[in-house]
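Asks: Each protein sequence line maps, in turn, to chains A and B.
The first sequence: position 32 = 32 (the numbering used here), numbered continuously.
The second sequence: position 148 = 148 (the numbering used here), numbered continuously.
You may find that some hints are simply not true.
[To be verified] Keeping only pairs whose Cα atoms sit at most 27 Å apart, straight-line, the calculated BS3-like set for lysine-lysine is:
#1 A:K28 to A:K81
#2 B:K214 to B:K126
#3 B:K246 to B:K214
#4 B:K214 to A:K81
#5 B:K246 to B:K126
#6 B:K246 to A:K81
Hints were generated in silico from the structure; no laboratory data involved.
Okay, here's what each chain looks like letter by letter:
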Amino acid sequence: MITGLFLLALVAIATNACTTTNSLADTKSGAQLWGENCLRCHNSPSPETFSDAEWDVAVMHMQVRANLTTTEATKIADFLKTAN
Amino acid sequence: MKYQLNIFTLALALFICNVALAQDDQNTQQGYSLTDQQSAAIDYLKPGKSRFLLRGYAHSGLEMTSEETSFVGGAFNPLFVFRQSDRLLFEGELEIELEGGETHLGLEYANMSYLLSDAVTVRAGKFLLPFGTYVPNLHPAWINKFPTNPLGAGHDGILPSADIGIELRGASYLGNIKTNYSIYAVNGPQLNDGSVEAEEGGVLHYDIAPDNNKGKSFGGRIGFFPMNNSALEVGISGLYGKVGNKEGDYEDIAAFLYAFDMSYVQRLSSLRSVVDIKAQYAAANVDEAAFPEEDDPSELHSFDNSSSTWFAQLSIRPAFVSSKLVQNLELATRYSSIETPEGAPWEANQQQWEVGLNYWFDWRTLVKVSYRTVSGEAGGHSENEEGGSEDSFFIHWAIGF
């Protein structure tokens, strides 16, 4: 039962991933995405923590670890670079 | 004469003006030239696409139990992150830990990720398994609200933490609902057949390479964010694979593990606080088999090899009050429980309560003061192996960098 539900949901997501749009992410600002996504696991980092170049690495790392879409990661990185 | 003098005066003024303008022009040219040099210097210093970042965390503290009071060395976990290109990333974390008077060095994970598309990333190597939420997201000391792990989690727990294999992961949107997913193939858990240590018969061991059989374990996790502000995430994880040694009596024994997890983080303006709720239930079911008796290994006994563990955690931080002192405080509590198979030499049924007060110096540095009580029947994977009730008091610091 659990396995079946799991596989069904996985197929639905995988199918959607091929044709995905970031409709909701498109409407959100980088600051909003930064607050929503970072805070889920840890305190939201201060933009002053890293340089622009370092934010590129840190955000890409979080894109992988926290499962961010490229749109979300780009908006968050732009916000952090602008604000630092 | 007067006319000539005026002409001369005018010519002199023009000359002086011209010299001044020329000087200005020269200065300007020198200025532009200097800016070019600066630009060149900046270009020289501008990082390329290949970039490196050293991150990680460290922690230590004071632990007081009824038996002893000791400063503990904690651990230092350097994390190396290389961004090789816009699409290729490497992450590797070491754990350097002082335990029992010896320094232990371990590889937490080392893997590379390639961003195939906006929503799909492939990752290969040793990685934290996306099984539940605690190990992949919450266990680093600067993120964990407590100095200890919930029962069943951590390196000696009943749940997997890291393994070697390959994974597809990413996020996408189903309408306005964000989802994330992971699907992977790894070496998988290995079954202890009790031939060497009868008291461990039936235990699943994780994070061992090379594999003990040809079959790989397959698993994954899917998460949903039903709220538009992504405050709530619910997830389901699964992992299945054969766990017995190749060409042995346990060759066909398989294990199925699953977990449900949730996370709710919300800014509550009425309380001027951030409320953070985390919960996870996980179970491990292994096919029934007979293992050597602990007292007489020539005799076999079997048991229903099913284990489960869960935890629920609540923390509140008044981050939006005016007092700087108060806004850096965080109150947290966590309950966890573990149940391992009845009749197994490593049978345990324990519960753990923790209450803590944290002070945040910045967004990734804190001091944790917590009280823990553990009760119930002890066994393998449990906290106090003597069993019964045990109270402990902790003062730990943790820094992320």
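Asks: Of the numbered hints stated earlier in the document, which are not met by this structure?
Replies: 4, 6
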